[in-house]
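Keeping their order, the protein sequence lines are chains A and S.
Throughout the first sequence, residue numbering follows our numbering, covering 1 to 103 in sequence.
Throughout the second sequence, residue numbering follows our numbering, covering 1 to 574 in sequence.
Hints are not guaranteed to be accurate.
[To be verified] Some but not every residue of chain S turned toward chain A, in silico, with C-beta under 10 Å:
no.: 1; residue: 64
no.: 2; residue: 106
no.: 3; residue: 121
no.: 4; residue: 251
no.: 5; residue: 254
no.: 6; residue: 504
no.: 7; residue: 506
no.: 8; residue: 561
no.: 9; residue: 564
FYI, nobody ran anything at the bench for these hints, they're computed from the structure.
Ideal Cβ positions, reconstructed from N, Cα and C, are used throughout, including at glycine.
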Amino acid sequence: MSQATYERIRANPKFQAFVKKRNSFSIVMSILMIIAYYGYILLIAFDKPFLATKLGPGLVTSIGIPMGVGVILFTIILTWIYVRRANTEFDVEAEEIIKEATK
Amino acid sequence: MSVSIKQILSGLALLALAGGALAAGADLGQTTKQATNWTAITMFAIFVGGTMFITKWAASKTKSAADFYTAGGGITGFQNGLAIAGDYMSAASFLGISGLVFASGFDGLIFSIGWLVGWPVITFLMAERLRNLGKFTFADVASYRFAQTPLRSFAATGTLVVVAFYLIAQMVGAGQLIKVLFGLEYIYAVMMVGVIMMMYVLFGGMTATTWVQIIKAVMLLIGASFMAIMVLMQFNFSPEMLFAKAVEVHSKHDAIMGPGALINDPISAISVGMALMFGTAGLPHILMRFFTVPNAKEARKSVAWATTWIGYFYILTFIIGFGAVVMLIQDPAAYYVPKMVDGVQALGADGLPVWDGLKGGGNMAAVHLANAVGGNMFLGFISAVAFATILAVVAGLTLSGASAVSHDLYASVWRHGNVDSATELRVSKITTVILGIIAVLLGIIFEKQNVAFMVMLAFTVACSANFPVLFMSVLWKNCTTRGAVAGGTVGLIMSVALTIMSPAVWEVALGHPKGTAMFPYASAAIFSMTAAFFVIWLVSILDNSAQAQKERALFGDQLTRSETGVGASGASGH
Chain A
1 MSQATYERIR
11 ANPKFQAFVK
21 KRNSFSIVMS
31 ILMIIAYYGY
41 ILLIAFDKPF
51 LATKLGPGLV
61 TSIGIPMGVG
71 VILFTIILTW
81 IYVRRANTEF
91 DVEAEEIIKE
101 ATK
Chain S
1 MSVSIKQILS
11 GLALLALAGG
21 ALAAGADLGQ
31 TTKQATNWTA
41 ITMFAIFVGG
51 TMFITKWAAS
61 KTKSAADFYT
71 AGGGITGFQN
81 GLAIAGDYMS
91 AASFLGISGL
101 VFASGFDGLI
111 FSIGWLVGWP
121 VITFLMAERL
131 RNLGKFTFAD
141 VASYRFAQTP
151 LRSFAATGTL
161 VVVAFYLIAQ
171 MVGAGQLIKV
181 LFGLEYIYAV
191 MMVGVIMMMY
201 VLFGGMTATT
211 WVQIIKAVML
221 LIGASFMAIM
231 VLMQFNFSPE
241 MLFAKAVEVH
251 SKHDAIMGPG
261 ALINDPISAI
271 SVGMALMFGT
281 AGLPHILMRF
291 FTVPNAKEAR
301 KSVAWATTWI
311 GYFYILTFII
321 GFGAVVMLIQ
331 DPAAYYVPKM
341 VDGVQALGAD
351 GLPVWDGLKG
361 GGNMAAVHLA
371 NAVGGNMFLG
381 FISAVAFATI
391 LAVVAGLTLS
401 GASAVSHDLY
411 ASVWRHGNVD
421 SATELRVSKI
431 TTVILGIIAV
441 LLGIIFEKQN
451 VAFMVMLAFT
461 VACSANFPVL
471 FMSVLWKNCT
481 TRGAVAGGTV
491 GLIMSVALTI
501 MSPAVWEVAL
511 GHPKGTAMFP
521 YASAAIFSMT
531 AAFFVIWLVS
541 ILDNSAQAQK
551 ERALFGDQLT
561 RSETGVGASG
571 ASGH
């Protein structure tokens, strides 16, 4: 690909908007992940008794276990949401921008 | 695969009663080597035979340096996702985490979550940029617009340090396993792993390594699923009933249901969290896998599948750890080492016999559980899988280390890119042999370490040296060669130095008295990673050299390529 193609892509306002949109989506998703994980870790550091609280009277399972498994499932779901949007919506937009620059 | 699993399942019903016979041999206490287990050895031999066949096929496809490093970029996203999972689900995580759950319950869950949360970070920030900018190594990406010699020298150093720590964990795992699984000496395991791994990498390159990792991932997921199902089945698939029984029999009782000693101070907690979360995005053997797929779309798919399999696997290890609590503690004669005093087993105050730790050590909980739920045949299967795990991870690590030496140091730094594919390939292969020998030596030197902690060290270096440089070079316009190299070097030195001064190494590994460690926290990451980012920023903004101006001017092109994939190496779509 030539230098000129890169310049044409950059000159396209759609490219700037596209990069901005996708990057802010990435950042929002990253922040959600960071909140979920560090929230859990800080809870462990500052309030161990809360995580050891039983789910109900007569139960052994503590609240920390479904929460921990929840963080694992949240991680997987968040990843798929990003990949799905990037592989459909974002890729289509990127294709369009490339087409406009190379035609 | 389905046939062999069916056979194993039907065999299990017959063998269930015989379970435990293997581990009940005469045991001297200090040594943990068990009677030779031919079932396990045979299954492992079948695995090695099968993978050698694949290696032979892969060798016929491995002609250029590109084939050797990245399998020619022809792996699909789903396949690569399994291979990444196979690369990442190391013996250290399988045995280490289930061992931690066995010892402390809930703490094991905390640990496993940390090992998963780096994947979204890679997905959101790195995966497609890596694919769009890189060719063979992560240094290709980090040095895209920078001076090649300093940046690649740094990246290769970062790669080799991480690979060395990670290798130690794998080789020690191999040695520990072979004693308890196959009944062979530690040293044989270490040498066997070295030799078989070298054959995969030397002849089959990335193609063979990928397929070994895929097969191993599938076998490990099937084996672990089976164990978790067998455990849960005894409790009518009620986790509550499983936990209730575990609390009843575990010496710590209800304490295993809440956070224990793993996280005590918030600084250690955040620091360990940072090492795991951002370290994953700095592991060279993982980053390298993103160059094996044809385009960014497949790169994203790889990481989504990898996250799915790894997350599922960690849920399984948690169940397996609790299963081990329930099943092993109740049968100490089969799985524990008797505590001997003057040649007879000691008796406690309650008149009951006293037992030392698990046979083969705390990391063997999952392996003993395999025997408990599936008998000798399934133990053989899990043993073969655990060993295959080590082979697959070690092969990936070696390939990554070899590419850093041959592609970054030899071809780019020393020969300034004036080298043909055949020569570069030859250097890779020579390096593979040297790294294989080093791996064997490291395995011998570090025999007595806790393997899970050794992997943590690798993560700390990866998040403090490799990740900041990669992140800033790709995403920050004003980053310069000087900034990246200075910051990365500070991160590397600080992470290694502070880690050596931390209790896990200074006191536990080096044997200094308790309380003498100069660095009190569990991980250096919070300091070393922050310092790396700060120095990259500071040195970059102070850098007004002509080179720096040129590098900033190149950012636009780099951004265009990283965001759209235009001009990406081997991209098929555009």
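Discussion item. Min Cβ distance, residue 251/S to chain A: is it shorter than 10 Å?
Written reply: 16 Å, violated
Fill in: chain A contact restraint on residue 64/S - CB to CB distance below 10 Å
22 Å, violated
Worksheet item: Is the shortest C-beta separation between residue 564/S and chain A less than 10 Å?
Response: 5 Å, holds
Worksheet entry | Per-residue hint verdict: residue 561/S, partner chain A, C-beta under 10 Å | 7 Å, holds
Item to complete: Mind checking the CB of residue 504/S against every CB in chain A and telling me if the closest is under 10 Å?
Response: Hint on residue 504/S: violated, closest Cβ of chain A at ~18 Å, above 10 Å.
Discussion item. Next item in the hint list is residue 254/S. Is there a CB on chain A closer than 10 Å to its CB?
Written reply: Holds, about 8 Å.
Worksheet item: Can the hint on residue 106/S be confirmed by a CB-to-CB distance to chain A that is less than 10 Å?
Response: 6 Å, holds
Practice prompt. Return the status of the interface hint for residue 506/S: holds when the least beta-carbon distance to chain A is below 10 Å, violated otherwise.
Written response: 23 Å, violated
Worksheet item: Any CB of chain A closer than 10 Å to the CB of residue 121/S?
Response: 6 Å, holds
Hint violations for this structure: numbers 1, 4, 6 and 7, all remaining hints satisfied.
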